[in-house]
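Visitor: Residue numbers (the numbering used here), protein chains in the order written: chain X, 16 to 119; chain U, 6 to 196.
Keep in mind that the hints were calculated from the coordinates and are not lab data.
Since no wrong hints were added, every one of them can be taken at face value.
Here are the computed distance ranges between Cβ atoms for each label pair:
id: 1; chain 1: X; residue 1: E18; chain 2: U; residue 2: P66; range: 36 to 46 Å
id: 2; chain 1: X; residue 1: T22; chain 2: U; residue 2: P119; range: 23 to 33 Å
id: 3; chain 1: U; residue 1: A177; chain 2: X; residue 2: T22; range: 33 to 43 Å
id: 4; chain 1: U; residue 1: G71; chain 2: X; residue 2: N111; range: 36 to 46 Å
id: 5; chain 1: U; residue 1: I52; chain 2: X; residue 2: R107; range: 44 to 54 Å
id: 6; chain 1: X; residue 1: G75; chain 2: U; residue 2: N42; range: 19 to 29 Å
id: 7; chain 1: X; residue 1: E18; chain 2: U; residue 2: F76; range: 44 to 54 Å
id: 8; chain 1: X; residue 1: E18; chain 2: U; residue 2: E133; range: 41 to 51 Å
For every residue, glycine included, the Cβ atom is placed at its ideal position computed from N, Cα and C.
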Amino acid sequence: MLEIIATAFIATGAVFFIAGTVGLLRFPDIYCRLHALTKADGLGLALIALGLALMANSFGEVFRILLIWFFVAVASATGSHLIASHARLVDRVHENDPDRERQT
Amino acid sequence: MTPQAPKHDHASAPLPTRALTLRAQNPQPRWRRFASNFVALMLIWLILTDFRLDALVFGIPAVFAGSALVFLTPSTPRWRLSPYGAGGFVIWFAIQSVRGAVDVAWRAFSPALPLQPGFGCYSPALPEGAPRILFVNTITLLPGTLSAEISGSDVIVHMLDKSADLQADLRALELRVAALFGLSPDTEVSG
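Bound conformation, chain X alone:
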């Protein structure tokens, strides 16, 4: 029974990873793509971690899975903020430079 629940969590997590990748490919600019990656992949990882934690054999394993989820979540939020703020900086530079085509 526990395996079925865990598999359901992991499968749902995989669907969110696919959604994040589809968003990365289909969304029009860098900011929208960051939305897809941070939010959909973040929940995908959380669901997969939850499924794996249900099947873990020891408290140490659960703790390590939790730690992985926590650090990825923090790094993803901080990283996407840094990418977005750099993109805005590049946008501003290009706005002041009429000869150059904008590339996004």
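Starting from the known structure of chain X, fit chain U onto it as the hints suggest.
Guide: Showing chain U alone in chain X's frame:
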């Protein structure tokens, strides 16, 4: 503690900065922060290595170096975490991140690609340091919002749908973060 005020109140009334900074305490002495970091990091290391004693050959130098970083960083005000606020925040955070992921997944799979991207601006009244860092990082996990830039005391937010009520959404988040750090402005929330 839970904000029950009608929606338009969230948008109109900014948080009073003075009420929020009231309970910030003086910086902890560095050696005490070093000691508390050392204990926390050592606990993490021991659980990571399944309490293997031979792994401490690497563990003790790593934990020592990690804790010693407090001597290189500027001292920040000490914050008291409210257990009640933390419980509420965790549950609310889980619900919001599921909503955010479902929302963006729906937009990605939808053939019409329903996006109206745009930028918005929000001025949080939260004090500098941990409360504001948590606020900015959590924006990205809310449905449809992404923290794009910090400009002075303003946060520039990218929205997937610029017709959404940014001020109300972020004010709800700000109140949650304030409650987590025991900064709830009592006069604001009771009404």
